[in-house]
Amino acid sequence: MANVIIRVNGETFEREVEPRRLLVEFLREDLGKTGTHVGCDTTQCGCCTVILNGDAIKSCTILAVQADGGSVETIEGVGTKENLHPVQRGFRACHALQCGFCTPGMIMNSIALLRDNPAPTEAEIRHALDGNICRCTGYQGIVEAVQFGAKVLAGEDPDSLEAARAAHSHEV
Amino acid sequence: MSAHVPDQMPRYIGKPILRKEDLRLITGAGRYSDDFNLPGQAYAAFVRSPYAHARIISIDASAALAMDGVLAVFTGKDIAAAGLNPIPHDNSLMGTAELQRQGADIILVNSDGSPVVSPAHQLLPETHAHYAGEAVAMVVAETSDIAKDAMTVVDVEYEELPFVVDAVAAIAPGAPQIFDRFPRNIGLDGEVGDREGTEAAFAKATKVVSLHTHIQRVTGVTMEPRAATGSYDPETGQYQLYAGSSGVFRHKLELSKVLGVTPDKVRVIAEDVGGNFGTKNNLSVELALTVWAAQQVGRPVKWTSERGEAFLSDYQGRDLTVDIELAMDDEGNFLALRSRNVSNVGAYFASFQPLRKGVSLMSNVYDVPVGFVHAIGAITNTGTTAPFRSAGRPEAIFVMERLVDIAAQRFGFDRIELRRRNLIKPDQLPYRNIAGLVYDSGDYAASMEAVLRMVDWDGFPLRAEEAKSRGCRRGIGVANYIEITTGIPREWAEIRVDPESGFELAIGTMSSGQGHETSFAQVAAEWLGVSIEQVRLVAGDTDRLVFGGGSISGRSMRFASVVIREAIDRVVEQAAKVVAHVAGVDPAEVTFAEGVLTAGSTTTEMTIMDVARLIQSESRLPDNLRKPLRGEHDHFFPDPGYPFGAQACEVEVDLATGTVTIIDIAAIDDVGRAINPLILHGQTIGASVQGLGQALMEHIIYDEETGQLLTGSLMDYALPRAEGVPNFKVAITETPAPSNPLGIRAGGEGGTTPALAMLVNAVVDALKEFGIEHLEMPLTPQRVWSAIHDKVGNTSDPDLAKLLRS
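For the protein sequence lines, the chains are A and B, in the order given. Counting from 1 along the first sequence, just add 1 to a position and that's the residue number in our numbering. Counting from 1 along the second sequence, just add 3 to a position and that's the residue number in our numbering.
No lab work stands behind these hints: they were computed from the structure. There may be inaccurate statements among the hints.
Claimed, not checked - If you only want the chain A side, here are some residues facing chain B, beta carbon under 8 Å, derived:
1) 41
2) 63
3) 72
4) 76
5) 99
6) 103
7) 127
8) 128
9) 137
10) 141
11) 143
12) 144
13) 148
14) 152
Using N, Cα and C, we set each Cβ at its ideal position, and we do this for glycine too.
Let the sequences and hints guide you as you build the complete structure.
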């Protein structure tokens, strides 16, 4: 057994874990933070994406002991229903989720992207999210959600953006 | 007394309301199957057969049982000794003609008159494993890690047996016999249509085009793998299953039959479901086993599928081999159609719906005077196939739309003109197709014309020229579609009004991403005359349901709109009696509009919530008026829905690599009546991308030599990613369907239905100069490149040769 001290969403946790314990297992089972999901076993799907020491990583492929002494951000720490993060706001406004299972990973990866690249092109967004699989939406709403989030982070008013979206539609 | 609200100024219906459930799901507060835990729970892992077909000689669990923390190991012998029953797959949708007549799909029974039945699907097989990956033993242990470690030391001795994985090979003479009960591995052998009339028409036809094609097997890959927690209370004899599905009530019924108990002894709960697309409709052995095992070990038992395990053990989709011929006259009028459809139903076929629905729609939206379809369900040593996103319809539409393009190319017709000539015209509706389905209403040509405009079909030749200069070839393709929405033909809903908690809507269908929490609240709030925030949905607990059919085959909003409306009417009737009493008038004088009950010409006006509060607080009301406001409705739906529409796309093929890029894509869907266009557009795009996945890259492959599943992980099974998927133009039309008051046809599966054909039509169009007439899916770069090279490998055209050299 190993002793780990990991900061998650600003709160410090100290636990005893087996060396083989995955970070995602630590988050979901040891800490009860079930917002981060397991969708595959080959590091393909991205449902487990969290931010570790500033980088978006797949927590199914990082051991808890590797995160020892580090700082993790998960979906639970991003925003609340009353106070959504701009990217979360974008996901709702742009119908970027249906079943919601890939969504926490998508949001975490998107937040990491916008920190590195506050005004990404559509191609850059699609490239950044290529490691997150969605089976429901076809990705279009997700791309728009990231663009929405980017605009709000740059200072635009989310209510106005939402109103503009509602007035305009994809329809031809 | 009706809850009718004038349609002119709907507050919610037809509006792109943002989803209520999103607030939970985007903040990490979703509750999926693996998020659920019970105190003291143990964990399960499954030992799976490595062989496609084998006799189980013995299972020695002693090494596993000796490990610390292992509680039990169960095998098929334990299941047999316990007297458990096989899973009653689809027994309201299969069986005899009489049984099938309850639904709106065509009757598909064996030509020899025998009822359609499936092989007994026991929870664990007693004597034989029938496909590679089938669970043969279950380990229960203190932790998931211990269970998985123990699983590897369960010693199973097998005798390998001959196997067959291909459907056409399975029904051919000399193939290994898989079950004694099904000679030649044929589970269903039936026919629809008019064979005699069709043969006569073919005899006179001057132009015939034929196609042999295989619509390959795919798998759902719901991002949430299956997971379940089973438990048992010995005090009450109550079983409980916590697991996602298409609907908890169906799982309750099927599980109670497996366990051999009355349904009241089984409770099924589900909260958030991370995708279904049909794969979780049927009860699976693992889910049932967690419940039974919980009873055996005296603790709750939890199981979560790994992704590799999901590839092996999920119910899979499609896998249809079609041999079809279309006859036409010299002008291009379609005369007749004949087809043999062989569906690979796998080892324990759980459903004939894909075969049945596909067989019923082979002529698509075209006027084909006569035809017949021979339908065969073939049993093979592979995973079981079941409905997957528009079960059977993408296959049928793929074949017909390919035939039209092939005929056009072969005989020199314009692809659009040939379609225009043969599309069923509005004045021909209602129209009976070759299988006996009666299409209701709609302007199919208008949808096609609209989608052609959306992709600027007419401007294509110029764009194609430009691409040639870059060493690429452009193609453009279109596919029209009609599909049939049916599903379990009964649904139930109840509205309860409580002054503290508001309006609670309980209903027997459930969302796995379709947004019911919002869309059902929209219709209920509209008709109740309240705000959408006041309506709360309960769908995932059988303790609250009288009946439920679940979300399958585009049935949810179609049926929900009726039962919700009727349930509200009952509430309004009950409330009206209270208002009448208060105002001193006859209940017949009370009217209800925009949320307000008015007592005739008196000044008494109350909302439904006012009445609920009065009932709670006013002790002087007579007893018969003081019951809490409640309305329920249980409805049987005999009619199907017919969504229709079209999709078109422009592609660019890189000749050097065979890569296909989608340049432009458009979809138009007639959903009858759009409740939430935001949700509907999402459904269309997501569904179409699933179709593109099949057309371009997805393939579940069982190796014919070894019977092994080759595509057993996300490293082998390709899926569309953000970087490879285009932006869609989408449009909705609304031709009201006659089958329900709102006119809903459904909108969840129309997106997939034409996508396969559209994509292949476009790529073949890009490559027609090389003499390519057809390509089999998936159109991987390797396949496209090989097809080009096979045709022009020795070309004398130097530019082309340079291009193709790589």
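Checked hints:
A distance limit of 8 Å between C-beta atoms decides the matter here; for residue 41(A) the minimum to chain B is near 4 Å, and the interface restraint holds. Using the Cβ-Cβ criterion of 8 Å, the hint placing residue 63(A) at the interface with chain B is not satisfied: the shortest such distance is roughly 18 Å. Checking residue 72(A) against chain B by beta carbon gives a least distance of about 17 Å; that is not within 8 Å, so the hint is violated. Look at residue 76(A): its Cβ gets to within about 4 Å of chain B, closer than 8 Å, so that hint holds up.
Because the beta carbon of residue 99(A) sits about 3 Å from the nearest beta carbon in chain B, less than 8 Å, this interface hint is met. Taking 8 Å as the C-beta contact cut-off toward chain B, the hint placing residue 103(A) at the interface holds, the least distance being around 5 Å. The beta carbon of residue 127(A) comes within 4 Å of a beta carbon in chain B, closer than 8 Å, and the hint placing it at the interface holds. With a least beta-carbon distance of about 6 Å to chain B, the hint placing residue 128(A) at the interface is held under the 8 Å criterion.
The beta carbon of residue 137(A) is positioned within 8 Å of a beta carbon in chain B (closest approach about 5 Å), and the interface hint is therefore held. For residue 141(A), the shortest C-beta to C-beta distance to chain B is roughly 5 Å, which falls under 8 Å, so the interface hint holds. Hint on residue 143(A) holds. Least Cβ distance to chain B is approximately 7 Å, under the 8 Å limit. The restraint placing residue 144(A) at the interface with chain B holds, with a minimum CB-CB distance near 7 Å, inside the 8 Å limit.
Given the 8 Å rule on beta carbons, the hint for residue 148(A) is violated: about 12 Å separates it from the nearest Cβ of chain B. Nearest Cβ of chain B to the Cβ of residue 152(A): about 17 Å, over the 8 Å cut. The hint is violated.
Figure legend: structure checked against the earlier numbered hints; hints not met, in rising order: 2, 3, 13 and 14.
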